[in-house]
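Below are the chains, spelled out letter by letter.
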Amino acid sequence: MIWKIFLFLLLCFVSIAGIAFPIVQSPTKWYEFPFILGLEQNAKIIFFHVPTSWLTVIAFLMSTIFSIQYLRKKNLDDDAKSYAAAQLGIIFCILATVTGSVWSKFAWGSFWSWDPRQTSIFALLLIYGAWFALRSAIESEDKRATLSAVYSIIAFLTVPFFIFIMPRIMTGLHPGSADDTNAGPIVDFKMNFSMQLIFFLSMIGFTILYFWMWNLGYKSIILKEKINRQLTRG
Amino acid sequence: MKSYALFQKDFHSELRTRYAINSLAMFIIVAISVILFSIGNENISPGLTGGLFWVIIFFSAMSGLSRAFVSEEERGTSLTLQLIASPATVFTGKLLFNLILVFLMNIVITLLYSMLFAEFIIQNYLLFFLTFVFGNIGIAISSTLIAAIIAKAGSKGTLYPVLSFPILLPLILTSVKLTSFAIDGVPISEAFFELAIVLCYDIIMISASYMLFDFIWKD
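Here the protein sequences come in this chain order: A and B. Each residue of the first sequence is one higher than the last, beginning at 1 in my numbering. Each residue of the second sequence is one higher than the last, beginning at 1001 in my numbering.
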C-alpha cells in the first residue's frame, strides 16, 4: 500500500514540476530549467514523451523475454505475461506516437514528416498490430502461444535496426539524430541538475506504474483463463 | 542431402502445375502495368523509380512465397514430412526453393522494369548487384519463416503481408536507399555502412530462422 501512495505522490510531483517549472535563459534557482537552443519551451515534452517511448520498448522486450520463457517451459502463464506486456506496450506506443506527433506540429511545423524516429515508432506500431492480428487468427491456445511467441522473437530482432541504427545513420529532425548540432545529446550536456532529476524521476515513476499495471494485467488474464477452463469442464 | 531431395520434390511438383510461377508472372505484369497506367505521361524522378522497384518486389514476393508451406498443409502432407525429415532439413529445402523463386522473379522484374521505365538507369552496377543479391536473400529467408507461421495458423492468406511487412521493413528501407545510391552513382566505399546493415539482417534472420523453426514445425 505504502508504495502506491509513494508512486501517486511521485507522479503528481513529476507532472506538476514538468509542466509548471519555468524555462529561463540562465537558471539560478533550483526549480528553473535551462534554455536549450532549438527546443525552447517545447523541451518540456521530454518528461512525458520519453518515458512512454522507453516503456514501449521495455514492454516489447518483456513480451519477448516471456515468449522465450514460454518456448522453453511451455507454461501458458508465461504466454499470459507476454500478452499483458504487449497490451500495455501498444497503449504506450500509441501515446508516444500521438504526443510526439502533436509536439512535432509545434516544433517542426507538421504532424508527420517521416523522421527516422517517426518511422521507427510507426514500425513498432505495425509490429504490435501484426502480433495482435496473428493472435486473433488462431483458435487453439497452445498453437496461438507458440506461434505468437516465435513471431514476437523474430519481430524483436528487427527492433535494434529501427531504434538504434536507423535514427543514427539517417539525417533527421528529432533531438539526438546523427546531424543534430543544436539540441545535441540532451540528457548529458544540455540539461541542468533539476531538469535531469525530474527527467529521471519521471522515468522511474512511469516504469513503476508500468510494472504495477502489468502485474494486474497478467494476473487477470490468468484468472480469466482459469475460470474459463472451470466453466467448460463442468 | 535430404533437403536437396525435398527441394527437388517441390521443384517437380511446381513444374507439374506451374501454379506459383504462372501466378507470379501474371502478378508482376499486373503490378508493373498498374504503375505504368498511374504514371501516364508524367516524368518521374530516378529516385522514385528505385522506390517503386522495391514496392513491386515486395508485393510479388508476398503473392507467391507463402506457397512453400501452405501447399503442404493443403495437401495434408506436412505430417509425413515431419516423420521423414528433421525440421532443419525441411527448412533448408523450402528455403532453397524460395531462394530460386525469388531470384527468378526479381531477375524478371529487373529486366521488365529497366525496359519499361526510361528513368531507371543504374550508374553503379556493382552496388546494384550486391543490393539485389543481399536483398533477395533476406526476402527469401524472412518470407519462408513467416510462410511457415501462416501455414500453421490455418493458411490465413491475408495475414501474410501484414506479418511480413514489419519484419522486412529494415531490409526494404535500406535496399531502397542503396538502390537510389546505385542510381546516383555513389561509389561502394560510401555505401559500405548500408551494405553492412543488409548483410547483418540476412545473417541475423537466417540464424533466428533455424533456431525458431523447430517450434513452429513440431505440433
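Just so you know, not all the hints are guaranteed correct.
Just a sample of chain A residues kept apart from chain B, beta carbon distances all over 10 Å, derived [unchecked claim]:
(1) Ile19
(2) Val24
(3) Thr119
(4) Ile138
(5) Glu139
(6) Thr146
(7) Val150
(8) Tyr151
(9) Ile153
(10) Thr158
(11) Leu216
(12) Leu223
(13) Lys226
(14) Asn228
Taking lysine-lysine and the DSS-like style, the derived pairs with C-alpha atoms no more than 25 Å apart in a straight line are [claimed, not checked]:
(15) A/Lys224 x A/Lys29
(16) A/Lys74 x B/Lys1218
(17) B/Lys1156 x A/Lys143
(18) A/Lys4 x A/Lys219
(19) B/Lys1152 x A/Lys74
(20) A/Lys73 x A/Lys143
(21) B/Lys1009 x A/Lys73
(22) A/Lys143 x B/Lys1152
(23) B/Lys1002 x A/Lys73
(24) A/Lys143 x A/Lys224
(25) A/Lys74 x A/Lys4
(26) B/Lys1009 x B/Lys1218
(27) B/Lys1002 x B/Lys1152
(28) A/Lys29 x A/Lys44
(29) B/Lys1177 x A/Lys143
(30) B/Lys1152 x B/Lys1218
(31) A/Lys143 x A/Lys226
(32) A/Lys29 x A/Lys219
Covered stretches of chain B (chain A as the covering partner; in silico rule of three or more C-beta atoms under 8 Å from a C-beta of chain A) [said to hold, decoys possible]:
(33) 1166–1175
(34) 1199–1205
(35) 1210–1218
Since the hints were derived computationally from the structure, they do not count as laboratory data. Glycine included, C-beta positions come from ideal geometry on N, C-alpha and C.
Going through the hints against the structure:
1. Annotated as non-interface, isoleucine 19 of chain A keeps its C-beta farther than 10 Å from every C-beta of chain B; the closest such distance is 35 Å.
2. Here valine 24 of chain A stays apart from chain B, with its beta-carbon at least about 41 Å from theirs, past the 10 Å limit.
3. Separation of threonine 119 of chain A from chain B is inadequate, the least Cβ-Cβ distance of about 7 Å not exceeding the 10 Å criterion.
4. With a minimum CB-CB distance of about 5 Å to chain B, isoleucine 138 of chain A fails to clear the 10 Å threshold, and the non-interface call is violated.
5. The beta carbon of glutamate 139 of chain A sits about 8 Å from the closest Cβ of chain B, which is not more than 10 Å, so the claim that it is off the interface is violated.
6. Residue placement check: threonine 146 of chain A does not keep its beta carbon more than 10 Å from all beta carbons of chain B (closest about 6 Å).
7. The beta carbon of valine 150 of chain A is not kept farther than 10 Å from every beta carbon of chain B, the shortest such distance being approximately 5 Å.
8. Not every C-beta of chain B lies more than 10 Å from that of tyrosine 151 of chain A, the closest at about 6 Å, which undercuts listing it as non-interface.
9. Look at isoleucine 153 of chain A: its CB is around 6 Å from the nearest CB on chain B, not clear of 10 Å, so calling it non-interface is violated.
10. The Cβ of threonine 158 of chain A does not lie farther than 10 Å from every Cβ of chain B; its closest approach is about 5 Å, which violates its non-interface assignment.
11. Even its closest Cβ contact with chain B, about 28 Å, leaves leucine 216 of chain A beyond 10 Å, as expected for a residue assigned away from the interface.
12. Every CB of chain B lies more than 10 Å from the CB of leucine 223 of chain A, the least distance being 27 Å, so the non-interface label holds.
13. At roughly 25 Å, the least C-beta separation between lysine 226 of chain A and chain B is larger than 10 Å, which holds for a residue marked as non-interface.
14. The Cβ of asparagine 228 of chain A sits about 21 Å from the closest Cβ of chain B, beyond the 10 Å cut-off, so the non-interface label holds.
15. Restraint check for lysine 224 of chain A and lysine 29 of chain A: the C-alpha separation of about 52 Å exceeds 25 Å, so the hint is violated.
16. With a C-alpha separation of about 13 Å, the suggested pairing of lysine 74 of chain A with lysine 1218 of chain B holds against the 25 Å cut-off.
17. For the given pair, lysine 1156 of chain B sits about 14 Å from lysine 143 of chain A by alpha-carbon distance, which is consistent with the 25 Å threshold.
18. A distance of roughly 18 Å separates the Cα atoms of lysine 4 of chain A and lysine 219 of chain A; the hinted pair therefore holds under the 25 Å criterion.
19. Pair hint lysine 1152 of chain B plus lysine 74 of chain A holds up; C-alpha atoms about 18 Å apart against a cutoff of 25 Å.
20. The suggested pairing of lysine 73 of chain A with lysine 143 of chain A holds, with an alpha-carbon distance near 14 Å, which does not exceed 25 Å.
21. Using a Cα cut-off of 25 Å, the hinted pair lysine 1009 of chain B and lysine 73 of chain A is violated, with the two alpha carbons roughly 35 Å apart.
22. Distance hint between lysine 143 of chain A and lysine 1152 of chain B is fulfilled; the C-alpha atoms sit about 8 Å from each other, no more than 25 Å.
23. For a cut-off of 25 Å, the pair hint linking lysine 1002 of chain B to lysine 73 of chain A is broken: about 31 Å separates their Cα positions.
24. With a C-alpha separation of about 19 Å, the suggested pairing of lysine 143 of chain A with lysine 224 of chain A holds against the 25 Å cut-off.
25. Distance check on the hinted pair: lysine 74 of chain A and lysine 4 of chain A sit about 33 Å apart at the alpha-carbon level, beyond 25 Å; violated.
26. This hinted pair checks out: lysine 1009 of chain B and lysine 1218 of chain B have alpha carbons roughly 21 Å apart, not beyond 25 Å.
27. Between lysine 1002 of chain B and lysine 1152 of chain B the CA atoms are separated by roughly 22 Å; this keeps the pair inside 25 Å, and the hint holds.
28. Simply put, lysine 29 of chain A and lysine 44 of chain A have alpha-carbon atoms about 18 Å apart, close enough for the 25 Å limit, and the pair holds.
29. Among the hinted pairs, lysine 1177 of chain B with lysine 143 of chain A is inconsistent with the structure: their alpha-carbon atoms are about 38 Å apart, more than 25 Å.
30. For the hint linking lysine 1152 of chain B to lysine 1218 of chain B, the alpha-carbon distance of about 10 Å falls within 25 Å, and the restraint holds.
31. Taking the CA atoms of lysine 143 of chain A and lysine 226 of chain A, the gap is near 18 Å; set against the 25 Å cutoff, the hint holds.
32. Proposed proximity of lysine 29 of chain A and lysine 219 of chain A is contradicted: the alpha carbons are some 46 Å apart, above 25 Å.
33. Counting residues of the segment 1166–1175 of chain B whose C-beta lies closer than 8 Å to any C-beta of chain A gives 5; at least three are required, and the coverage claim holds.
34. Coverage of a stretch by a chain is defined here by at least three residues with a beta carbon nearer than 8 Å to that chain's beta carbons; for the segment 1199–1205 of chain B and chain A the count is 3, and the condition holds.
35. Under the rule that three or more residues need a Cβ within less than 8 Å of chain A, the assignment of the segment 1210–1218 of chain B holds, with 3 such residues.
Going down the numbered hints, you'll see the structure goes against 3, 4, 5, 6, 7, 8, 9, 10, 15, 21, 23, 25, 29, 32, while the others check out.
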